[in-house]
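Here the protein sequences come in this chain order: R and F. Yeah, the first sequence ends on 373 if you go by my numbering, and it's all consecutive. Yeah, the second sequence ends on 720 if you go by my numbering, and it's all consecutive.
No lab work stands behind these hints, which were simulated from the structure alone. Here a beta-carbon is modelled for each residue, glycine too, at the ideal position from N, C-alpha and C. Each hint can be trusted.
Calculated from the model, a selection of chain F residues having no Cβ within reach of chain R, i.e. all distances over 10 Å:
#1 Glu248
#2 Phe282
#3 Lys380
#4 Lys449
#5 Ala579
Going by beta-carbon spacing under 10 Å, a handful of chain R positions derived as facing chain F:
#6 Val214
#7 Gly216
#8 Ser222
#9 Gly228
#10 Asn307
#11 Glu321
#12 Arg332
#13 Val333
#14 Arg335
#15 Trp360
#16 His361
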Amino acid sequence: MSDARLSVFKTYKLYVGGKFPRSESGRVYEVTDPKGKWLANAPQSSRKDARDAVVAARKAFGGWSGATAYNRGQILYRIAEMLEGRKDQFAREVADAEGLSKSKAAAVVDAAIDRWVWYAGWTDKIAQVVGGANPVAGPYFNLSSPEPTGVVTVLAPQESSFLGLISVIAPVIATGNTVIVIASENSPLPALSLGEVLATSDLPGGVVNVLSGRTAEIAAPLAAHQDVNAIDLAGADDALAKELEIAAADNLKRVLRPQPVDYAETPGIDRLTAFLETKTVWHPTGSLGASGSSY
Amino acid sequence: MASTSASASVFEYAPAPESRSVVDIAPSYGLFIDGEFTEAADGKVFKTVSPSTEEVLSEIAQAGEADVDRAVKAARRAFEKWSALPGSERAKYLFRIARIIQERSRELAVLETLDNGKPIKETRDADLPLVAAHFFYYAGWADKLDHAGFGANPQPLGVAGQVIPWNFPLLMLAWKIAPALATGNTVVLKPAETTPLSALFFADICRQAGLPKGVVNILPGYGDSGAALVAHPDVNKVAFTGSTAVGKAIARQVAGTTKKVTLELGGKGANIVFDDAPIDQAVEGIVTGIFFNQGQVCCAGSRLLVQESIQDELLDSLKRRLSTLRLGDPLDKNTDIGAINSAEQLSRITTLVEQGEAEGAERWSPSCELPSSGYWFAPTLFTNVTQAHTIARDEIFGPVLSVLTFRTPEEAVAKANNSQYGLSAGIWTEKGSRILAVASKLRAGVIWSNTFNKFDPTSPFGGYKESGYGREGGRHGLEAYLDV
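My request is simple: use the sequences and hints to build the entire structure.
Here it is, written out as structure tokens:
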């Protein structure tokens, strides 16, 4: 580092509908490292920002859920590729955010990149694992297939600001849902920077929307929102989780309650299946016997 | 209709009632707790009547909070041994139950028809065979859970509190109890207040099967008994089938707990008929879709979406077909349309139908004489219905069909999905690719193409959106009762 040159600070912005807006409220809040050193100002999202994000996520749902699973897998893999090229930046941000050593932060970023690769491979396999043909007792053929639940709100883990974040959003979008993620309240910067990666990974705008700010303030209107289909409470404490689960009941959102997770471990498929519906489609098989066709 | 001139002049049917003598209903029944029939702690009772005659069938003990507590404790005590049994042993109990149900199926069919009001044709040919099949299916899972795709040695949850509706009393019991027991849980089940009898007969079947005490407990009662069961702190799993309003209350109730919940709630199923559909078969499917069980079916095809170009032809055929339906004594083997389950439900249907007329939709029913006692509603269809009409949005849960039209497949899909619900849908067309394209766009859990209202224990059933969450039936149905 040359003493002579003054570095260029980054203005951290939200990522909504494929664009990088500031909070419509004009508010920001100070983000510090665990020792209290100022890192940046982050947008402090409002209720209106949350609602705008729902609109963007809903708009993106048809195209994303209708994309082939192969295509979604390629795009998730592309995210890993883009991240790989920006490893150093994210290692720095994670080190600052979580107070980790350089090498530990680098290991976290490696794991986060590998997590995208893991879920990229799942997009075109999960339907075979959890769906299938049902041997019904009658002249019918029916097939049960998983389908994405719709628009999912995710409260990202508060501690694991990057690996945790990716561990909760990748499974949601892998299956065709779209997501509004509320970044870790104290450590939102890696999440906000992730938006820049997503924007350059062929991921359609609106599939992932990143909000920063006060978790409880942003989560409340999303938990109550009638056009949100599900909510992952990973980043909520017990009191907030209960309050949001009650609000979510109003339109029967699917709720994933907070649970202890070691994000360093290889995930199972629980987070994939938490936001899937099962659709069973029946067809008459007809008959080629003497009795002719049978509907 | 059965007793009117138009069709009666063509086909006069002699009465063909199924014999009541096959079932022996006691004047009173207790709660079934810990393997014994007992009175309610506060001595409360209620009467259950036959909806087709208003005859009082029996007097039933009504569970209160103290009884709920007693039943949950019994289930908890039984859980330790039951869950520790080898799966192969649990399986044999369930196979025994399935076989006894088959043996007693005529008795149970008559009983169900008496208590519920639905035609014997349905209880005999649909409800009871499906009940036995459901137990038989889940019996086979009990010792194969390691291979069900939920990891090795998946564990039961504990005590399941189950609340079921009155439209398919014994079938809903089977959907709840069979997977719960197969996976090693114990059960406290509350049947609906208007249809408690078949669940109490099931208690007797559990005794005949030698099922250990406390594994199944049956608590007849009203909504407050169900609410107490759901709220009980020692219940680990809540399974509810019923209205969306109650489902939401339950979802709020369990917030902040570790209780696992599955909800099977309301619906407003769209039955979509394209211009190339086989009309006669589609008409049969529409009739099955909305008049099966007097339309008191959560997955009923209560919205008919018909392509504009064939509207007249289809409605003519449909009306002709409705005029041949026979309404009357549910025990008569020729009866197509039975009684509405209760005075309360009849009044709900009547109110919504009046609202439909008041909002400007056009009401039609075949000429139809209703019996003088009991709760009855003639098959009804509404035309000139728009998406804004209450009868196109709210679940009526009765024999009432709302007819809407569309021009393009895109419009059909948009209208079908324009609902808070997402339980069922039907597609009628001869074009295979259209079936698949439309089915993939419909936001509903069960879709029938060129058929309707088919059920099978191997097939997951359950809704999207406000029709609830979780699936019953098939491998998927195990998940609701496992700690996975």
